[in-house]
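A.B. asks: Residue numbers (our numbering), protein chains in the order written: chain S, 1 to 99; chain F, 1001 to 1550; chain X, 2001 to 2523; chain E, 3001 to 3648.
Hints may contain errors.
To be verified - Okay, the calculated bits of chain S under chain F, using three or more residues with CB under 8 Å as the criterion:
no., segment
1, 13-22
2, 28-38
3, 59-72
Claimed, not checked - DSS-like cross-link-like pairs, simulated, lysine-lysine; straight-line CA separation at most 27 Å:
no., chain 1, residue 1, chain 2, residue 2
4, X, Lys2461, X, Lys2471
5, X, Lys2391, E, Lys3064
6, F, Lys1207, F, Lys1133
7, S, Lys98, F, Lys1427
8, F, Lys1087, F, Lys1151
9, E, Lys3618, E, Lys3064
10, F, Lys1133, S, Lys98
11, X, Lys2391, F, Lys1087
12, F, Lys1207, E, Lys3371
13, X, Lys2461, E, Lys3162
14, E, Lys3162, F, Lys1427
15, E, Lys3064, X, Lys2493
None of these hints come from the bench; they were simulated from the model.
Built from N, CA and C at the ideal position, the CB exists for glycine as well.
Okay, here's what each chain looks like letter by letter:
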Amino acid sequence: MNPVNYLYLAALLFTIGAAGVLIRRNAIVVFMCVELMLNACNLAFVCFSRLHGNLDGQVIAFFTMVVAAAEVVVGLAIIVSLFRSRHSASVDDASLMKL
Amino acid sequence: MSSSAVHSLWTTAAEGKLDKIPAPHIEYAQLAPTLIVVGAAIVGILVEAFVPRRSRYYVQVFLSVVALAAAFAAVVGLAAGGYGTTKAHIAAMGAIAVDGPALFLQGTILLASIVAVFTFAERRLDPVAHGNKVDSFAAQAASVPGSDSEKAAVKAGFTTTEVFPLALFAISGMLVFPSANDLLTLFVALEVFSLPLYLLCALARRKRLMSQEAAVKYFLLGAFSSAFLLFGIALLYGYAGSVSYATIADVVSGSVQNVNPALAGTMGNDALLLIGGAMILMGLLFKVGAVPFHMWTPDVYQGAPTPVTGFMAAATKVAAFGALLRLLYVVLPGMSWDWRPVMWGVAIITMLGGAVVAITQTDIKRLLAYSSIAHAGFILAGVIATNADGISSVLFYLGAYSFVTIGAFAVVTLVRDAGGEATHLSKWAGLGRRSPLVAAVFAVFLLAFAGIPLTSGFSGKFAVFKAAAEGGAGALVVVGVVSSAVAAFFYIRVIVLMFFSEPKADGPTVAVPSPLTMTAIGVGVAVTLVLGVAPQYFLDLAHSAGVFVR
Amino acid sequence: MSFPLLTATAALPALGAIATAAVPAARRTAAKWLALLVSVATLALAAIQLVRFEPGGDRYQLTESHAWIKDFGVRYELGVDGIGVALIGLTALLIPFIIAAGWHDADPLETNSSRWRPTQGFFALILAVEAMVVLSFEATDVFLFYILFEAMLIPMYFLIGGFGDRAHAQGDEAAATQRSYAAVKFLLYNLVGGLIMLAAVIGLYVVAGSFSLSEIAAARASGSLHMATNTERLLFLGFFFAFAVKAPLWPLHTWLPNAMGEATAPVAVLITAVVDKVGTFAMLRFCLQLFPEASKWATPVIVVLAVISIIYGALLAVGQRDIKRLVAYASISHFGFIIMGIFAMTSQGQSGATLYMINHGISTAALMLVAGFLISRRGSRLISDYGGVQKVAPVLAGTFLIGGLATLSLPGLAPFVSEFLVLVGTFSRYPVAGVIATLGIVLAALYVLVLYQRTMTGPVKAEVQGMPDLKVRELLVVAPLIALLIFLGVYPKPLTDIVNPAVRQTMSDVQKKDPNPVVEAAK
Amino acid sequence: MDNLIALLIAAPLLGAAVLLCGGRRLDGIGHWLGTLLAGASFVLGAVLFVDMLDRSAGHRTVTKHLFSWVPVEGFQADVGFQLDQLSMTFVLLITGVGTLIHIYSIGYMEHDENRRRFFGYLNLFLAAMLLLVLADNYLLLYVGWEGVGLASYLLIGFWQHKPSAATAAKKAFLVNRVGDMGLSIAIMVMFTTFGSFTFPAVLGGADGASSGRNTAIGLMLLLAACGKSAQVPLQSWLGDAMEGPTPVSALIHAATMVTAGVYLITRSGAVFNAVPDVQTVVVIVGGVTLLFGAIVGCAKDDIKKALAGSTMSQIGYMILATGLGPIGYAFAIMHLVTHGFFKAGLFLGAGSVMHGMNDEVDMRKYGGLRKYMPVTFVTFGLGYLAIIGFPGLSGFFSKDKIIEAAFAKGGTEGWILGAVTLLGAAITAYYMTRVMILTFFGEERWKHAKTPSPDQPSVEPAAETHGAHDEPHPHESPKSMTIPMIVLAFGSVFAGGIFGIGDRFVKWLEPITSFSHGDSPVGQWTVTAATIVCLLVGVGLAIAQYGRGPVPVVAPRGSLLTRAARRDLLQDDFNHVVLVRGGEHLTRSLVYLDHSLVDGVVNGTAASVGGLSGRLRKLQNGFARSYAVSMFGGAVVIIAATLLMRAV
């Protein structure tokens, strides 16, 4: 199967993720969408790596996972603290600062 | 650690000679600045773990200041050793560039960071609570605002000394960011300095809800943008088959021919290049705070603890612009015809947008946020110049701007009322009567922002505009001039408020800070005036540092 | 390396400003005396300049040149030509009077406030302005000039906004708001002008690669520097706009009445008699010298604008109810004369304009300061609040009248000479403009005499009853100015001798010849 | 010898400086000092006169270059003097009459607290007037020209606490400024034409210049003359100028300053001779003013205003004469001098009358005063006879000559002018007789007229010092006042004869004004006879109207013309409506425009930027997701843009 299709899939996933960030309210979900985008990137990396026949892409994928994990740690910490003080994880509720 | 290093490991292994694994070749001495800071950060964590609570603060402050100073010394040493000019080269197996811009920016970041750490460590502004000195960070980040646990934490005199290691981590990331020489390092560095900043934003002692909100917004949007960046990287990798700047640059400039017909779909496919490049640009412009990727800036600047805001506003911008410069001047010069028009547009709307929206702001921190956006626009004008002067002028501007910013935010921390910092402009009325000195200092910073001659702001602005004009971007200069005129209006508004309007009865008091903040402010003023009156030495420095290694 | 006289002349007041600002809050009087002393010393230095200056000598004398900002091609280059040295003399001369006249203007109302030190600030700012103005008259490097041109706005801004006229019709609150409005208006107008000039300055560097007047002139002469017509015109407009705002030229004038109205009389004098002169001076030195072709190209328009300023300013002066605003509009009219003289491109016009700058400075100072004394007595700026002052305070009235007569340029007083030169110079090239401008002298008579009649003559108003006559300090301020007005009116030769060579130079810059008389006079 | 010229001016100038700066401590001696210095300059003048007589007619001109005044590239203005027969005539008149009036003022201003200032101003005037006539170039002349204007401004408004006086002073200065504008434009044209404005250069080069330029110069000079000499259309200020103290009216507004216009035109004769059309204009202006003034003079009941009208009219004669060219210059000056004597005398007489009458100025409240103030009566009477041109007295010679010259102009012009001048003579006789009768003859109307009447407030507040305002006790004035009157009376009797008989005066001036006999269509004696007839008619009419029967104390409504004449033939009303009102509207609307339009544009831009800011601000709505949208949109745009860049 033509590996380029994987690229299309990656692009699709990325778009879905992005769309999710734009439309979902729940901070956790938004955050998951971001993760989805990152994974889309990973897919792209791996696919390109295969195409180019060098392993850089695959290595990068690992790095990305690590970074994503770190992000999860930090992100969840922040979101949880926000949730605890507001009793809501809706991104839209957190709009004290505007204009 | 870079991807190509790993790659070489793999290949050697594939040849079956498993008996010896060649160690990657790392020039530790040349990476010293970063390594020192990272090391200090790790030590800082250990300190958190093992040192008794009451002495942590002192240990942490000492540790971070010493580390940063040492790192700065290392930078100076490297520069003196000629690594900025003649011996400039790519270190760490192609991951890190050690050259003029890198060293200059690292130096700037480190100095700014030292000053910022001073403001972090300030503990005299708030009244002593339960016999404990308190700084501007939450007693216990985990405890819910207003809850009993928080009260207990305050009573117990907890302090979040983790901010220092966090800051150090962020700094280390920032040090790598402008010197990253492949896209992976770029990405990692970005995350390394972003994640701690997200946390720092959430740690304000007062107005914690706003602080947490700022953190959430910053985090989500930051992650969002970094995802774009990463995808851009992926596309570029697909385009060039490598993430190292040099290779990409070669492919872009077409000096490397398409070797493998099987790769016709990707190798040298301009669509990949353009989209990827654009997405990476977007990721960087987000950090820079350029319109339309600026919208996080006001909220985050307002919500974050003011020392953190100052730190972000100064250091992040420096790092981000460094990376942007390297990307545009090293990786994508071949396609400058594609990105210049785009950057033109971005620069113009950034300058105008920032200046115009700032006019109607009522919160001093938001005001400064918008002003920082406008300034990002000015710097972009220099970036677009695409000539040697462009690089040096941007370097100079960043140096000048960062100190003014930290100083300005440091002054903001001084003006306080019952609810902590009094950031609403109306509270600042008549400040000039209450404490002429503070008002005068702040006025100096504002004038520098406004680009009045004899301040660093003017020298910087002149430098970038001159570079832009020489680079054939005369129109940008005109727009810049117009928007500076608009910007002047709101800086002046603040001055009028401070000096010409009668002080309110329930106005804020001006806290008398410890020498730490005083130093921060003093350095800010000194740099502002020196760079304003006699900038030649620093211009030379920026000039000699203005060459990227390839 | 000889003694850097020019730097000293500027540095002395600068240091004086710092010293004055440093005087402790309690020692107000000390600060005043210190400021006065410094300003007098500066005057001495300026006098030395006048002596050391040889009218016949090089174009720029007493020159100094040091590297400053290599990257921007900026040098710290000083030098004075006849025009510069004369204007420096004017500045240094007026500042002591301004300080003496403003002796009590900045005394704090509430004495208990310990940290807030308005008095020191007031006099320090005045000295700071003097330093910058003097240096800007000396600068022969465009960039250096630009920096000062912009920087001097800041102290002026604080002087206007921070130390308003205590005599205000609608109480302190309104006064404060109107004052800060005036200050902001002043700053924004001039800042916008300056920023537009900044663009032009940068452009100039891109084109000429240098900021030094002498280098640029040399490059021009050798032909190595050639500006494309449109570039030159754009750059000229950039420069001229800034100067026209400063000068101020119709229709960019509206900041002046507010500023002069709200500021204390001495500061108002500082604005119109000293700071604004930088604008007209810069037109002569930079516009004509850097962009001769463009200047000639723009001349017709500028002359028209100048004529409009003359008539318009005079008519609005007639329509004013506020003494200080009236003087402000009168100044606008006079600046019209100056600009017209500069761009008439005749020796008489330019000499006249230069003399005009100086004479207008002195005459406005005389009139405005006396007006200030009057206002401080009655506590109102409205003309209608006065009447019959001449009966109770004849000396005040007399000096006021003389100031007024100087303003309407009565022959025998200094302004007449310059005004007539400007008119003749303009007439010989633009007869129509000359004739229309001559209407201005009638209008000038109108607003001055109406002002005098309404305030000084007629039955004595109740509020004016018992108004004290000029005190010794005030008399000491006014008398020398009046003496000078008369002297320069009768014997302006010393001044013209200094100015003429510089004018000759400028004329050769723009490569213009005076039109020859139709009939050779029967000698 | 020529150094004395400078001294001539310096003496009164010094007086002015000392008296005005001296302050109160000089009050005691101020008036003496002033008079002394005036006298001194008269003596100097006399000395110079004698010295001049010693030299032959061709070599009488003395010039004295003092210092270079305004030396500018291609522009040389010097301070230099030129004393020739013409200026000498003026010097003697100015200093002579001036000194007399100084003496008169000592008595007249005795009770005024500011007498010192008054004398200071008088000296200032003398200095300026001398500068005017002695200057050797037009720019310096201009200085004197405005100097006398200033002095007249100060003196008319001497009683500044009276609004009417202040207004009159301002009006005088403004109207004069209009004239001055003419003079300065004239000088500009001279400069562009001849490259100089010294008398020799201009007058010598006039023939070489194009008629267009000469016309311009001539008309502008005429404008200047109209302003100074109160000629139509700039005459309106003279009547109001009577607000000033009477000595001022006598010296400045009768004898000397107002005649400066005549001097200017005579001095610039060469220019006018070169352009006959301009001369015609001059003649017309003179003729019109001649009648205008005379008519106004007939209607006024205020004695000073009546005399002012007369002054206007007499100067009209002179201007007309100058318009005739070389035929008339000499006679213009001659009439100027004689007029200086008798008109000054008349004013001083009027002053003396008012002095005796609690400063009442309304002639209808006089009457039969000859018994009470004989000296005043005699001197005034002689002045009267002189002005109406009673044969043998000075007015007769000078005016008669002008009438002859008018006829001598020749052609229809000559006839018209002759008729006008004769008519003028008749009217002069009429209104002067009227003044005479109302003041000195008839019943004593002041007995039952409470003065000053409320509807006509006293002009000269010196009255306050004259005690209660009840029925006046007419009395003769002190010696200090009568003596000058007597001297002037002598002048008005004999001056004419001395000048006129044997054309002495004409010969004296000839080198300057170049004299030429016109070809008169009518014989000299015919003209004289006609003149005498006219004057008899005038006198007769006056006697018929006022001599018989009582004169109403309150003026009758009178004919339309009379009422118009009382209002200066509505010329003031015209000015008021057109210039004053119109000007006020103009300035008001401009003030409004300056605020709303010029300022408004700027404020408008600022406001619009602010509004834009307010709107853009709304985008920052605080919702993280909308921020994300903007980022996403931005990304899309950027990508699209980059791709497009490549596509195109």
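A.B. asks: Each of the hints needs a verdict: does it hold here or not?
C.D. replies: Hints, verified against the model:
1. Counting residues of the segment 13-22 of chain S whose beta carbon lies closer than 8 Å to any beta carbon of chain F gives 4, which reaches the threshold of three, so the coverage claim holds.
2. Counting residues of the segment 28-38 of chain S whose CB lies closer than 8 Å to any CB of chain F gives 5, so the stated coverage by that chain holds, three being the minimum.
3. Restraint check on the segment 59-72 of chain S versus chain F: 7 residues with Cβ-Cβ distances below 8 Å, three needed, restraint holds.
4. Pair hint Lys2461(X) plus Lys2471(X) holds up; C-alpha atoms about 21 Å apart against a cutoff of 27 Å.
5. Our distance criterion of 27 Å between C-alpha atoms is broken by Lys2391(X) and Lys3064(E), whose separation comes to about 42 Å.
6. Only pairs whose Cα atoms come within 27 Å are accepted, and Lys1207(F) paired with Lys1133(F) is accepted, the gap being roughly 19 Å.
7. The suggested pairing of Lys98(S) with Lys1427(F) holds, with an alpha-carbon distance near 19 Å, which does not exceed 27 Å.
8. For the hint pairing Lys1087(F) with Lys1151(F), the CA-to-CA distance comes to about 56 Å; that exceeds 27 Å, so the pair is violated.
9. Between the alpha carbons of Lys3618(E) and Lys3064(E) the distance comes to roughly 82 Å, so the proposed pair goes past 27 Å and is violated.
10. The suggested pairing of Lys1133(F) with Lys98(S) is violated, with an alpha-carbon distance near 33 Å, which exceeds 27 Å.
11. For the hint pairing Lys2391(X) with Lys1087(F), the CA-to-CA distance comes to about 88 Å; that exceeds 27 Å, so the pair is violated.
12. Note on Lys1207(F) and Lys3371(E): the hinted pairing is violated, with a Cα-Cα distance of about 106 Å set against a maximum of 27 Å.
13. Taking the CA atoms of Lys2461(X) and Lys3162(E), the gap is near 13 Å; set against the 27 Å cutoff, the hint holds.
14. Restraint check for Lys3162(E) and Lys1427(F): the C-alpha separation of about 56 Å exceeds 27 Å, so the hint is violated.
15. Simply put, Lys3064(E) and Lys2493(X) have alpha-carbon atoms about 19 Å apart, close enough for the 27 Å limit, and the pair holds.
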